[in-house]
Every structure is written in structure tokens, then in C-alpha cells.
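Here is how the chains run, residue by residue.
Number of protein chains: 6
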Amino acid sequence: MTRDTFDATTVKPSHWNLSSVIEQLRVSREATHNIRHHGRVRELPSREALTTIVNGLQAVLFPTHYGRPNLTDESIDFFVGDTLNTTLNRLAEQVRRGLQFSAEEAIPDEEALTRQAHDITRQFAAGLPQIRALLVSDVQAAFSGDPAATSVAEIMLCYPGTIAILYYRLAHSLHSLGSPFLARLISDIAHSLTGIDIHPAAQIGASFFIDHGTGVVIGETAIIGQRVRLYQHVTLGAKRFPADEQGVLIKGVPRHPIVEDDVVIYAGATILGRITIGAGSTIGGNVWLTQGVPPGSNVAQAQMRND
Amino acid sequence: MTRDTFDATTVKPSHWNLSSVIEQLRVSREATHNIRHHGRVRELPSREALTTIVNGLQAVLFPTHYGRPNLTDESIDFFVGDTLNTTLNRLAEQVRRGLQFSAEEAIPDEEALTRQAHDITRQFAAGLPQIRALLVSDVQAAFSGDPAATSVAEIMLCYPGTIAILYYRLAHSLHSLGSPFLARLISDIAHSLTGIDIHPAAQIGASFFIDHGTGVVIGETAIIGQRVRLYQHVTLGAKRFPADEQGVLIKGVPRHPIVEDDVVIYAGATILGRITIGAGSTIGGNVWLTQGVPPGSNVAQAQMRND
Amino acid sequence: MTRDTFDATTVKPSHWNLSSVIEQLRVSREATHNIRHHGRVRELPSREALTTIVNGLQAVLFPTHYGRPNLTDESIDFFVGDTLNTTLNRLAEQVRRGLQFSAEEAIPDEEALTRQAHDITRQFAAGLPQIRALLVSDVQAAFSGDPAATSVAEIMLCYPGTIAILYYRLAHSLHSLGSPFLARLISDIAHSLTGIDIHPAAQIGASFFIDHGTGVVIGETAIIGQRVRLYQHVTLGAKRFPADEQGVLIKGVPRHPIVEDDVVIYAGATILGRITIGAGSTIGGNVWLTQGVPPGSNVAQAQMRND
Amino acid sequence: MTRDTFDATTVKPSHWNLSSVIEQLRVSREATHNIRHHGRVRELPSREALTTIVNGLQAVLFPTHYGRPNLTDESIDFFVGDTLNTTLNRLAEQVRRGLQFSAEEAIPDEEALTRQAHDITRQFAAGLPQIRALLVSDVQAAFSGDPAATSVAEIMLCYPGTIAILYYRLAHSLHSLGSPFLARLISDIAHSLTGIDIHPAAQIGASFFIDHGTGVVIGETAIIGQRVRLYQHVTLGAKRFPADEQGVLIKGVPRHPIVEDDVVIYAGATILGRITIGAGSTIGGNVWLTQGVPPGSNVAQAQMRND
Amino acid sequence: MTRDTFDATTVKPSHWNLSSVIEQLRVSREATHNIRHHGRVRELPSREALTTIVNGLQAVLFPTHYGRPNLTDESIDFFVGDTLNTTLNRLAEQVRRGLQFSAEEAIPDEEALTRQAHDITRQFAAGLPQIRALLVSDVQAAFSGDPAATSVAEIMLCYPGTIAILYYRLAHSLHSLGSPFLARLISDIAHSLTGIDIHPAAQIGASFFIDHGTGVVIGETAIIGQRVRLYQHVTLGAKRFPADEQGVLIKGVPRHPIVEDDVVIYAGATILGRITIGAGSTIGGNVWLTQGVPPGSNVAQAQMRND
Amino acid sequence: MTRDTFDATTVKPSHWNLSSVIEQLRVSREATHNIRHHGRVRELPSREALTTIVNGLQAVLFPTHYGRPNLTDESIDFFVGDTLNTTLNRLAEQVRRGLQFSAEEAIPDEEALTRQAHDITRQFAAGLPQIRALLVSDVQAAFSGDPAATSVAEIMLCYPGTIAILYYRLAHSLHSLGSPFLARLISDIAHSLTGIDIHPAAQIGASFFIDHGTGVVIGETAIIGQRVRLYQHVTLGAKRFPADEQGVLIKGVPRHPIVEDDVVIYAGATILGRITIGAGSTIGGNVWLTQGVPPGSNVAQAQMRND
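Residue numbers (the working numbering), protein chains in the order written: chain U, 1 to 307; chain V, 308 to 614; chain W, 615 to 921; chain H, 922 to 1228; chain S, 1229 to 1535; chain P, 1536 to 1842.
With the rest of the complex left out, here is chain U (with noise of 0.2 Å):
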């Protein structure tokens, strides 16, 4: 379908006191609503830039799902080879801006930076292989956990789970690595994209699956075992935030939960704090727990009410 391109504008320009506007703007940026870092100026990373070097990603990982199609016996090394020397270097430019933002204080001079950038570019390449056959056990625990699922062409595009979860696997390499900030960017396109809000820094074992997964949310110091599966509206969150005596958040301190092997959790269950849900455990729909549960527990929401 053709759209005509959107702008036209048949309202005539008007006269909009442009230089009023754009000197009280001036006064709230630099004096009274001055919110600019004050040092040197820093590039900020690209979102753009960064959903470019995922999909990129996506399709060294997996290039038949989510690179080009038909590629053949002879060319498909090529196809990877060219696509991951592309996305790297991308990659070495986003984590370089990355850095500045990482480290509030003292920022090495530009060159240790690119250096560093560098290095941390080239040992997350070297760790995408352990990432794919992380991702592949996520991929068979959704079709093992899923009765609708039918395929795994089927899990690999039409699950936001998995989406998440590779943005996620992704997120956390660079998040361990030392590029914290462009490990959030991932996180919070892939929560665009998903509904599903994975702190980078959280841990997670292998074979996870989220199913549906709107709403769910885990927290930056939570850990999650193997096997975990989870149901939209999930919360491993935190219960309350430790301050210091000025009452400015202590940042870093655990405070999500720590979910056990093999522990399920339904739609709409809220956890908090640093409890422990011990393996095999099943958190039933829209509970609200703040204390741990030995594992092989068993939890439920209180009775309803029928007026």
C-alpha cells in the first residue's frame, strides 16, 4: 500500500516567537534546569546504532532464523564472517561512548579508551559461541514448556520470550565485560520491543523460558537458576532500598530474589526482596511474596471472594 509521505503542510508558517522561546530555553539548559554533565563533552550511544548491532548479532548467531534467507553450504561463512567484522566494529564505537558514561568520575584519555573498547569488543566476540548454545537450551526448554508451541522456526520469531532472553544473554556479556550502559540500552530496547524487563546484570542459568511475558520485571541483583520458567506479570523485584545516613540510595546492595533450579512461577506472581524460592518450587498467579519458600514449595493466592 502506498502511504503519501506524512508532513504535508497546508497550514501556512506563522510567526511563533521563536527567539523568546529559544532564549527561555537557553536560560532553563544552562542556569536554572542545568542537567549537563559538566566536563568534557561525551558522545552519548546510539539506540539506533545498538538495534542495528543486535539484529546484526542475531544473524551471526543464527543466520538461517534471523539472517538472510537461503544461504548455501558455500557462502554462509562468508555471510557470518561479514556481518560479525561489521557489527564488532559498531560494537568497539558504541562501547567506546559507553565507557564515558560508566566510569562518572575520571575518564582515561580517548586513546586508553578506544583501547579498552577494544578489548572488551574482542572478548565478547570470543564469548558468542558459550552465548548460542546458551540460547539454544532457552529455545528447547520453550518448546519442551509450551503445549501451543509447534515449531522451533516458531519459538525463534513469534516468541517475545525469546527475544528477551537473547537481547538479555547479549546484554549481560557487555554488562559483565565492564560496558554497563550500553548493557541498559539492550535491555531497554529489548523491553520496548517485548514488555519484558531483564536487568542486565541479573544472573540466569540456562534453559529459561518466559512465557507470554508482558510485565515481567527482574531485578538487577537477582539470580536465577536452570530450568526457571515464568509467566507474564512476574516481579523478582526489590522490597525496600537500603539508604546511607543522608538518605541517598546505597546502590549495588542485593535486594532481588534468588530463584532456585526448576522453580515455575505464574502469571502475575510478585517477589520481593533478597528471599530465596528453593528449587522445584511453584509460585502460583498473582501472589505477593516477600519471604523465602523452602524448596518443593507449593504457593498460592488466598481465596477470592464471590459476592
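By construction, these hints were calculated from the structure, which means they are not laboratory data. Glycine included, each C-beta is placed from N, C-alpha and C at the ideal position. Just so you know, not all the hints are guaranteed correct.
[Said to hold, decoys possible] SDA-like mimics (lysine to any residue), calculated; alpha carbons at most 25 Å apart, straight line: (1) K239/U with K853/W; (2) K1786/P with K1467/S; (3) K1774/P with P1336/S; (4) K1160/H with T1197/H; (5) K853/W with E418/V; (6) K1160/H with A1814/P; (7) K853/W with G910/W; (8) K251/U with S765/W; (9) K1774/P with D1490/S; (10) K1786/P with G1808/P; (11) K1479/S with A1259/S; (12) K251/U with T896/W; (13) K1786/P with F1371/S; (14) K1786/P with P1830/P; (15) K1786/P with A1377/S; (16) K1467/S with K1160/H; (17) K1774/P with K1467/S; (18) K1774/P with V1828/P; (19) K1479/S with T1211/H; (20) K853/W with G585/V; (21) K251/U with G759/W; (22) K1467/S with T1504/S; (23) K1160/H with P1215/H; (24) K1467/S with V1185/H; (25) K239/U with D262/U; (26) K853/W with S765/W; (27) K1774/P with G1815/P; (28) K1774/P with A1528/S; (29) K1467/S with G1433/S.
[What the hints assert, rightly or not] Interface residues of chain V toward chain W, partial, derived using beta-carbon atoms under 7 Å: (30) G388; (31) P549; (32) Q553.
[To be verified] Restraint-style ranges between C-beta atoms, simulated for each label pair: (33) R1577/P with N955/H: 56 to 66 Å; (34) E1258/S with V862/W: 55 to 65 Å; (35) A243/U with E725/W: 41 to 51 Å; (36) T953/H with Q1738/P: 19 to 29 Å; (37) E725/W with E969/H: 50 to 60 Å; (38) E1609/P with A31/U: 36 to 46 Å; (39) V1255/S with G1217/H: 50 to 60 Å; (40) P722/W with A1047/H: 30 to 40 Å.
Following the hints, complete the assembly by docking chains V, W, H, S and P onto the known chain U.
For chains V, W, H, S and P alone, coordinates are given in the frame of chain U:
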């Protein structure tokens, strides 16, 4: 040839050990973590193509709302006709691709597949007027069900529920005609756009209205009557998944609720299992419900605790 | 990564019975299921144009975060000025279109409409510095309210709540100036991007922070004080909809909660009706609340059942 | 907002003395070298829009060659109709803009201008079938006049002369209907594409063929009969320009050649002034001709010198 | 610089008598001026696809000049391999389409056509290294033949002759392998870009250099030796076209000049007919030559007249 | 009009012997036909970037003709300022790249190169008002020199000569400031757009007018006075190229004509060598001239032969 676009690469290219990473990825792909289908190469349906197709169908169904501005009496049918033709040609190709994944074992020969894709597409086209009638009933239900709605145009353009239902009704038609993979892909696109996840196999009657909608999940075997109204975070899910003796999930068993005519389900309610919500019932917010209720019921959550 | 263009049409064109389908669609459109406004043709506002407009406004308000990299002292005001001018011209046209839909009955003549659109746009521009001040307070609230936040840049780029509030404050200004349709469209774009659904007519004070945010719904007549913090899945909704004697919903009646200053509402809480949450209260996760609570309250969900 | 695309800017931004340059440019623009029309602001026609319009007209006239592949009997008229409608709407707008520049002194009011633009466009549309007939005669002349031509398709797709004549015939129609500025713009687009420069006011009969064509110039008042064939570098130009007593050129005086039916003019011939090349004549390569020749003439260059 | 999108349609849509025009166009198309091939529908090769293909081949042949900046030793072959594979797949499809037009009468069945297209494409690929060798000789001839040339990079990027010869050598290879239509289309693209028109069937030896080049025409049966240099406006054309008894042109007869090794032909010379320019000759500017000259000749134009 | 995307690949992928071709290309590239510069890797200037840059400069110089429609008094300087800033940043990067190719032997270090690029760019910016003055004189010369010209707008939009001179004056400025490679690239872009080839090192006075223009060539050392008028196919070229004792061409020697003030040169004239065309002379069409003529001369071609 590919030219890069937006992402300025100020970081100089580096040595990434490409050969080593690519070698390991090949081993992962072909040996250790091979998830590729073992048969002839099958082109996957394209998410981008389907987005274009659904945009085309929207324009065909509601040319003044989703088509092109300022269509006139002498031109509207040319627009509808040309858009429909283009869209059906594209759809037929995607249906063909999808068919290869529907039947896991024996794929018919290429020519039979193409013929089948054309038949499905032709029947789908024939059903469009009926789909339009249903969608008009849905829009009218929104207008009369939401006091914040000010015009039909607002419902067509600003309500995620409208988009989710439109995608669902198109996907359901394709599912019914034998193109389940494509149907799933369409429903996942709607999910990403709206946060509303309706399985295309679900059966939903006329005058259906979802308000706000983020987090709504409607499962594969759910059946919904006429004039039903849902709010955000409502789950119509499965309680448990029957497995066979080897522990493999049995697919296709009815396991989601039946919601009869004129039911209203408020935000956050989770309704699980093959239970029936009787006609005219009201289910309150955040309720967790695993047993059926008779017609005219009024179910609310247990009381909160006020410390 | 290079993707080949997506709609390769290997399936040969077929006979689709176009004439018959088009004929039936025309009958549906013009007779049996006609939902078109009966008056003069009115161009709809364009979602794409509004996205471009909001991007432009973001760049005008925060040029170093959302504008162009590497703006210098001598160039920044040229950028802001040119972007603002372009954006206001586009906005005036969309406001003009939207005005046709705000007043259902009597649309003023074209010239009056254009003049009105210009007036609204000019007033909107004049209010931008004040909107910027509010947004800075919101960003600071996020920084001090989330222990996981590491920099202002992270909050500007990686927090869906930031985007949702930014869109809301722009939409609310347009709503207040008499452009409700446009305001709704902007809020729906934010909803699609973030999963957060704030009606533009809601009133929200400074230093507002939504964490994670997916599934948050804030209704049309809600009133929120200063320094309020919400988490994901929080609903500030209506309990019931007053109808007139014919059963037609009465529009515009206050029916959503009032949340006073310094309230925190945790994930999944559903608060319905024109009730007041007193200042300084804390509402726990998953609570379903339909009655007001006094200042300083601490409301939590009923206990779960542990089988 | 505009985002940069392809041009990586590794050079850091610098201080360009923007204010000074901009100030001087303003002085040049408004005072010392002011070439702006002194009257109300007039939007210029858009070269890009005209390119789109001509592409649309090509598709309308020859849908299987310039339109869309694989049009079927049931779909072709929908395509032609929709493309024609879109194209005429675009054309009417460009005609309206162009009209402001055709009449230098008194521009009619906006409404009269719009009405006039619509009348011209409607008449232009009515003439399209006749233009198609002429173009088919031209294509057939190419096929029978060039031994290297192997198919009609080759002539439609690979001959710059075909494009130049097609653009000319469309431009000539617009010129005749009172839209000379637009006509000139179209002829300049063709000139840029093909190196062939035909003034839209020239009159050219059926079955016209230009082979190779680069460097052909046909002046404003040239008249060309039927079945004429030109090769590259042929000029049909003016010898001198009559001026009035103040030395100002008199515009519109016939000053270019008349070429009668069945004339062939070989590469590089320069024919100047209001002279007549009699029917059936052959003009040799590189000839410089400023006097008319009778029918049946055979003119060749003076002999070369061989040192 | 930002340009607003171009087709703002401020002119309201009008009544264009679409039905009447479309009806007349159909009659012209199907009856009175029908130029369509009478046989099965054949997709035309695509000019846009060929432009992409030639860009790809340029990148494959000279990756550092026409490919991607900053290719490294470890990445260059991945780039070349992936670009070559993509380009050959695209080329095979265009060759297939073109083959339908090469043989006017009997088109082989689809499968044979595809097989033939693959064979041609595979042979074409095998010839690329040899084409590269020729092109390097051409570039070196330009560098040593033009005192204004300052570097190889300048010749690769700024000389239209380089582009024209590159396109010619690719087109000539396709022509020789049996894909004449495609070859012609490629040569016409080069013609449009450079003003240089070389028929792909012409035979041209190594170290060929065209300076400036606009208006150069080299005919179908021309034969050019090694180390030949041409300037702008040089025509190597046919003098007359032999026709059969019915007056139909006989196609394929040798009718263009033979230019032996080490000849220089200056600007504007027109050389017509199957004549031989002996090795080492110099032909002066604007000469019109229809008889052969022995080796070592020095031909100049007759003297000018100075009034 | 909608065109489907162009590279539908209905032909199945095949085996292309990629490895063999790639291997041979590598050998050709690195050994047998290596034309790569032997030194550090140097990024080439980008033709696309330069096109964008020239578009930006056009908009800066003539914002109402080449910029954005409907600029107002309050907005025009914001537009000019922002466009100029963006364009200069882009230009500085391209100048930097080009500098690497200007000095063949010793490239200064990166920082010196960047500084030099900024200096050139800053001086270039400072010269823009003067360039504008010259261009206005050129436009006025066209208006008074062509009886077919109807308005300044027509000359700005529809005359290839205007574009060619505009590109030339910008390129000449860059050439003079020490950026010859970039200057050549700009002149080649103009050549491709207009068929007019002006070497950026040529010196051309004010009020210069080229009518039609296809095939005009003006050589590197040509000097043209004020108020000169040229027509299509005029060559101001070199007669012979002085070589040193090894036969290597000596670069930079004056070898093109000097054309004094108020000269008119008609279509197809070829003027070669370092000769002087005296002020006020008229050179007729197709003349081949290798000796200077005194002021006020009137040179015409020898008579034709009429068989």
C-alpha cells in the same frame, strides 16, 4: 553492496580473531547445538512482509481511516482494488512459506504448496467483508463502553485494543484456513505493538472490547462470547498442561477458559483452566480464578490488609 | 547486516476474485457497516507525523541528549531554533486536523480552524520552557529514587518511564490548550513504546517517577501530587461508569483516584474510583483498593496461602 | 528532527565563525545581491515531486513496462486507476505552484489559482491516451530505425531517446495547457537523465527517433515533422537573438529551424536559425548549417585534411 | 540539510474523470496501440536491481575503492565473499529474466531457463579476475595519459571514463556469455551516469582510456585495439544501414569502424562505417571521417574561416 | 506510484565456486594487479557525503530556492545557521580524508591533518558570501543572455549551466584552499548531473553563462574572463601534453586556452592549446581552433558541401 548508514565508526578497525569465532560458531551450528530442521531448506515467513501485509489489509478494510487521506468517490475503489491485489500477492507468498512449517513431517511438492497457498489466500480474501462487519461491531463496543472515548476516529487511531483485535481477527481467519504459523506471527506483531497477546486459535465473538490492554493474555483454546469486555493484565490461561506417559506435553487439548456473552473482567484478573465464566458475570480486578462461576456472578478479590 | 528486501514474490500472481471482494467491501463501507462520519471530509492526524513532531520536541528540550551529537556553543541555538520552527509548522497542521474531530457538531470554517490551530501551537511553544522544568524534576526524581540508576544519561536514554512522562507532559499541554485528539494520539504512541498508558487529561505534579512501568494505567480524571512514585502494573482506574437514563455513559465525570504528594504505589496495585490516597502513603504490590486511605497509610495485600 | 545518516564525522566539531558568515550571507541575500522576487512568498515546484509524477505517468501509460511486474487482467485497471489518481493529485499541486511563476506580474488569488491548476490537470489527463498513441509511434520508429534494436522491451528500457521523448511529450502537453514552468522542469530532468535537451515548447510530430542522443539540443521554437530521425550532438538552435532598442532580448520570436517530414540528421550537425530543412533531406555529421535546404537535399561536411 | 518531504498536497483532491481516461488507456493498450508481446507474461529485468548488482561487482573487484572503508586483512575476504554471493544470486535472477527477451520466438521452459541463467552467471563469476586485470590496465592508461591526474584514487573516483569502461567490461562479458538484453541495460545505466555510450557488443582491447567522455558513442560492431585513447564527443558509428528487399534493416552486419592499437582520437571526431583506422594514427578534433586511414596517419579538420 | 522492491530472487541460490573466484581476486589484488597505495590505510572521501554537502551549501547560499519552502523572517537564519554548521562539520571530515591523497609522499600526522582540514573549512566558510555574489552575477547573465528564460526561478531550477557553475565555484574555492581531490570529486558530480565538465583549477570570471551545456569541457589551466557565454559541446582543451625525457607527462603546465572578457563561443567549437581568444570575439559553431585570435574576432567554420 551494503553501505553503512548512521553509525559513525570513529573507532578504528581492529583485529577481532574473526576466524576463530567463526569456526566455533560453525561447530556450534552444525554439531554441538544444531537446531536446524533436517530436510530441505525452507524460507521463513518474513515479519517485515507481514507488517506490510497487515497495513495493506487495514487500508483495504477502512480506507479512510488507515488508507490514504482524501480519497474521493471516483478513486476509492481503485485504491482498494490495487492495494488488495498487491497485498494478496504478498500474502500468498508468505502463506506458501508458512505452510512448509505447519506440517512437520511430509511437505507436499512445491507446486502443490503454491496451489494450496493460493487457495487459502483466495478464501481469506473472500472472508474480508465478514471480518469488516465484526470489526465494526468491536469499534462500536469500544465507543459505547468507554466514557473517555470521544469519537470513532479516536477509537480507530488511539486504542491499542482496536489494533489488537484487528490483528487477531485477521490472524484467526488465516489460522482457520490452515495457515497457523503466519497467524502466530501476526499475533506476535500485535503483541509487540500493543502488549496484548491473543492466540490466533482463540474464538472471540462480536462486539469485543479490550480497554488499555497491556498485559492481556488470551490462550490458544479460549472461547469468548459476544459483548465481552476486558481490561489490562487479564489472563485467560491454562492451569496445567496434560503430558503423556513420557512427560511430553500433549498439544491442542482444551485448557483455557470459556467466557460467555456479556461478561466484564477487570484489570489484573487471572482466570485459568477449562472453566466457564457464566454469561453476564463480572470478575473483579486482580482476582485469581481457577473454578467456573455461574451466569450473573460477581467475583471480587479477598480484602486487603491495612497495617 | 544486510537483509534482502522482504517481499520477494516467488508465488505467481493469481486470480483473486477482486471485483467481488471489492464490491462487498464497498457495500459494507457505504451501507451495512458504515462508520464514516457524515459531514465534510476531514483529514485525520497522522501518527507518523506526530512521532516526528515529538522527536523534534525532545531534541528542542534536551538537545544534547535527544538532538544531535557534538553541538557546540556557537551552533546549539541554530539547531534548537531550526528544529523548533520545523516542528511547530508540522504541529500546527496536525492540530488543525485534530480540531475537526474535537468538536463533534459544528466545525468552524477552514480559516478560523487554521487561526485556532496557530494560536494553540503558539501557546504550546510558549509553554515549552516550563515543561522542561517539570521534566528535569522528573529525571532527578528517577535518579534519587532508583538505586540501579548510575547517571542522568542512563535515565534519559534507558528508562521507559522517562519517555512516558515526557510524552505525557507534552500531550497534557496540548490537551489543556484544546487539542484533545492529538493529545490522545501522542499518549497512545507512548503507550506502544513503553507499555505505560497515561491519559493526557490526567493531572500530574512535579518529580514524578515510574519504575519499569509496563502495564501502568492512569485514567482520564486522575490527579497525582508531587514526588509520587509508581511501579509496573499499577492501575489508577475507574470503578464504575455512571450512565444516563438511556444507559449511555456520561463522559467527563471524575471517576479516577486522587493521589496526594509523596505517595509510593508498588507493582500491580489496582486503585479504582474517585478515592483519595492520602499524602505519604505506601500502597503494597498487587493490592486491589476501592476505598480511600488517610495520609501516611501503609496498605498491603492479604496473606498468601502456602499449601 | 533530522538525524544524520551516512557520513561518519570523525573530525571533531570546530568553531566556524558561524555568526559572521551568517550575517554576511543575510546582507548578501537581502541587500547587496538580492535576487528574490518582491511580492508574496511563492512555493517553488519540487523537482523530486515531478520525478515521482513522471514515474507515475510512465506507469499509467505503459503499466507492463514501467509499472509493476505481473499485473493480471483483473488487477491492471485498479493499478492504473490508483496510480493515475495519486499522480494527478500530486500534479495539480505542482501545477498550482508553477502557475505563480508563469505570470510574472499579476497572480490571481489562491482560489482562482487552484481552480486553474485543476482545470489544467484535468485536461492533461484527458490527453494521456493521445500521448500514448504518439509514444507508440516513436517506439516503433526506433525499432525500425536501429539495426541494433532487438525488441520493443529493449527500446522501452535501454534507449535514452525513448525517455527523452516520453518526457518531452508530457512536458509539451503541460506547456500547451498553460504550465510552462513545470514543463521546463520536466525537460531539465530528462536532460539530466539522458543528455538530451528538448525545449517543451518545440513541436514534434509522430514517429520521432533520437539515437544515442547525448548532446542533442532542440530549441524553443523548433518545429519537427513526422518520421524524423536525429543522432547524438545534433543542435537545432538559434543563430542570433533579436533584441529591442535597449538591448533587451525579445522573447518568443521564432528563431529555431523547421525540420520537415522524413529528415535524417547525423551526429554532430549544428543547424541554426529559422531555416527550413526540406522533407526527406539528409544532413551529414558535424555539418554547420545556417541556411535552409530544399526537400530531398543531401548535405555533408567539407572534406577533411589529411597531413 | 533537512528537506521536508516533497509531495505536500495542499491542493484538494478533485474529480479527474478517471473512468473515462482509464477506459481510453485500456483501449489504446489492448487494441489501437498495442505493443505488448503476444505470448506468456515475461518479467522485465529491473534497472534498479542491475544498479545494485554493478555496485556489488565494483565492490568485489576493488573493495578498498568501491567497497567499504577500513577493511582489514582478516575481514576483506569475508566482505568480498559475501558481497559476491549476494550479487551473483541477484544477477542470476536478472539473467533469467533477460533470457526471455533474447530469444524472440521459442522460450525454453522455466527450468531450462533457470539452469541456463545459472550457467551464465557462474561463467561470468569465473571471468571476474580477468576483467579486473583489464580494468587495472585501463586505470594505468588513464594515469599515464592525463597530465591532470594526480593519483590512482582520483582516477577511480572522479573519472567518468573509468565508470564507463568498468560498466562496459562487465556488460561485454554478459553479452559474450549470451545475455545481451542485460548487457544493454547495464550500458544504458553507464550512459546515463557518464554520457558515454558504448554498445556491449563492441570489442575493446586493454589499456583503454576515454578522457572527459561526454557524448562518446561506440557502436555495436566496433573493434578497438590496445592502448587507444578517445576524447569527448567521439563517435565510432555506422554510415548506412543495409536493408533487405522489403526495406527491413538487416541486424548484426559489421558496420562500425576498426580502430587499431595506439590510436588517439580527439574531441568531436565522427568516424563512420566499417573502415580501419591504422595503428598509431591520430585523428584530430571535429573530423568527419568515412574512409579508412593507413597506420601512422595524422588527420585534421579542414581550415576554419575567419571573417 | 508503488513499485515493489526490486530484487525478488525467484532463482534459487546456486553453487558459484565462490572460493576459487575469491582466491583469484585476492591474487589479482595483492600480487598480479595490485594498484593499492603502499602506506597506511587512507579512507577515501565519499561521493554521497559530498552530494549532501553541496546540497547543504546550495541551501545556505539560496535558502528560498534550494532550501526549505516557506521560511519566514524569524526562522530563516536558524535554518541557514543549522544547515551551515552541519554542512561544515561534514565538509571538514571529507577535507581531512581528501588531504591524505593530495600530498602523495609524506602525509602529516593525524592531528596536523585534522587541524589543516579545519583551517581549510573555516576559510571556505568565510568565502561563501563572495561566492554567492559571483553566483548571482552568473544567474543574471543567464537571464539577460537567453531569450527563452522567463524568470530567475526558472534559471535556478531548470538550467544545468546554473548547477554546473555553482558546483564549479564551490569546487574552485576548495581547490584554491588546498583541497584538490575533493574539488575534483565535486566537479565530477556536476559532470554526471549536467554533462558539463569544468576542472576546478580553471579560473572563471563573473557573469559566466553556459547554455544547454551538455558536452562542455573546460580544462585544468583554462582562464576565462568576465561575461563569457558558452554553448553546448564547447571544448577548451589541451592540444598536446609536454612530456619529460622519459616520456612521462609533465603535470600542471599551462596548456588550455585563455578566453578574455565578453567572448561568445557557439555550440561544438573545439579550442585547443594555450592560445588567447581576444576580448569580445565570437567563435562559431563546430569550429576547430588551435591558434589565438585578436579581440573582436568573428570565427566561423569552413563551408559545408551540398551534394
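Against the structure, the hints come out as follows:
1. K239/U with K853/W: Judged against 25 Å, a Cα distance of about 28 Å means the pair is violated.
2. K1786/P with K1467/S: violated, 39 Å
3. K1774/P with P1336/S: Not satisfied, since the Cα-Cα distance of roughly 55 Å exceeds 25 Å.
4. K1160/H with T1197/H: Given that 25 Å is the threshold and the Cα spacing comes to 13 Å, the pair holds.
5. K853/W with E418/V: violated, 57 Å
6. K1160/H with A1814/P: holds, 21 Å
7. K853/W with G910/W: holds, 23 Å
8. K251/U with S765/W: Distance ~12 Å between K251/U and S765/W Cα, so the pair holds.
9. K1774/P with D1490/S: holds, 18 Å
10. K1786/P with G1808/P: Holds - the C-alpha atoms of G1808/P and K1786/P are around 15 Å apart, at most 25 Å.
11. K1479/S with A1259/S: Violated, at roughly 29 Å.
12. K251/U with T896/W: Given pair K251/U, T896/W holds - Cα atoms ~22 Å apart, limit 25 Å.
13. K1786/P with F1371/S: holds, 11 Å
14. K1786/P with P1830/P: violated, 30 Å
15. K1786/P with A1377/S: holds, 8 Å
16. K1467/S with K1160/H: Violated, because 28 Å separates the two Cα atoms, which is more than 25 Å.
17. K1774/P with K1467/S: With Cα atoms ~28 Å apart, K1774/P and K1467/S exceed 25 Å; violated.
18. K1774/P with V1828/P: Answer holds: K1774/P to V1828/P is near 16 Å, not above 25 Å.
19. K1479/S with T1211/H: violated, 35 Å
20. K853/W with G585/V: The given pair, whose Cα atoms are some 21 Å apart, holds under the 25 Å limit.
21. K251/U with G759/W: holds, 11 Å
22. K1467/S with T1504/S: holds, 13 Å
23. K1160/H with P1215/H: holds, 19 Å
24. K1467/S with V1185/H: Given that 25 Å is the threshold and the Cα spacing comes to 12 Å, the pair holds.
25. K239/U with D262/U: Since the Cα atoms of K239/U and D262/U sit roughly 24 Å apart, the hinted pair holds (cutoff 25 Å).
26. K853/W with S765/W: violated, 39 Å
27. K1774/P with G1815/P: Holds, because 23 Å separates the two Cα atoms, which is no more than 25 Å.
28. K1774/P with A1528/S: Answer holds: K1774/P to A1528/S is near 12 Å, not above 25 Å.
29. K1467/S with G1433/S: Cα-Cα ~23 Å, so holds.
30. G388: Constraint on G388/V satisfied, holds at 5 Å.
31. P549: Where the cut-off is 7 Å and the nearest Cβ of chain W is about 21 Å from P549/V, the hint is violated.
32. Q553: violated, 27 Å
33. R1577/P with N955/H: 56 to 66 Å: violated, 44 Å
34. E1258/S with V862/W: 55 to 65 Å: 56 Å Cβ-Cβ, so the 55 to 65 Å window holds.
35. A243/U with E725/W: 41 to 51 Å: violated, 59 Å
36. T953/H with Q1738/P: 19 to 29 Å: holds, 23 Å
37. E725/W with E969/H: 50 to 60 Å: With Cβ atoms ~30 Å apart, the hint is violated.
38. E1609/P with A31/U: 36 to 46 Å: Taking Cβ atoms as reference, E1609/P and A31/U lie about 24 Å apart, which means the hint is violated.
39. V1255/S with G1217/H: 50 to 60 Å: violated, 39 Å
40. P722/W with A1047/H: 30 to 40 Å: holds, 37 Å
Going through the hint list in order, the structure does not satisfy hints 1, 2, 3, 5, 11, 14, 16, 17, 19, 26, 31, 32, 33, 35, 37, 38 and 39.
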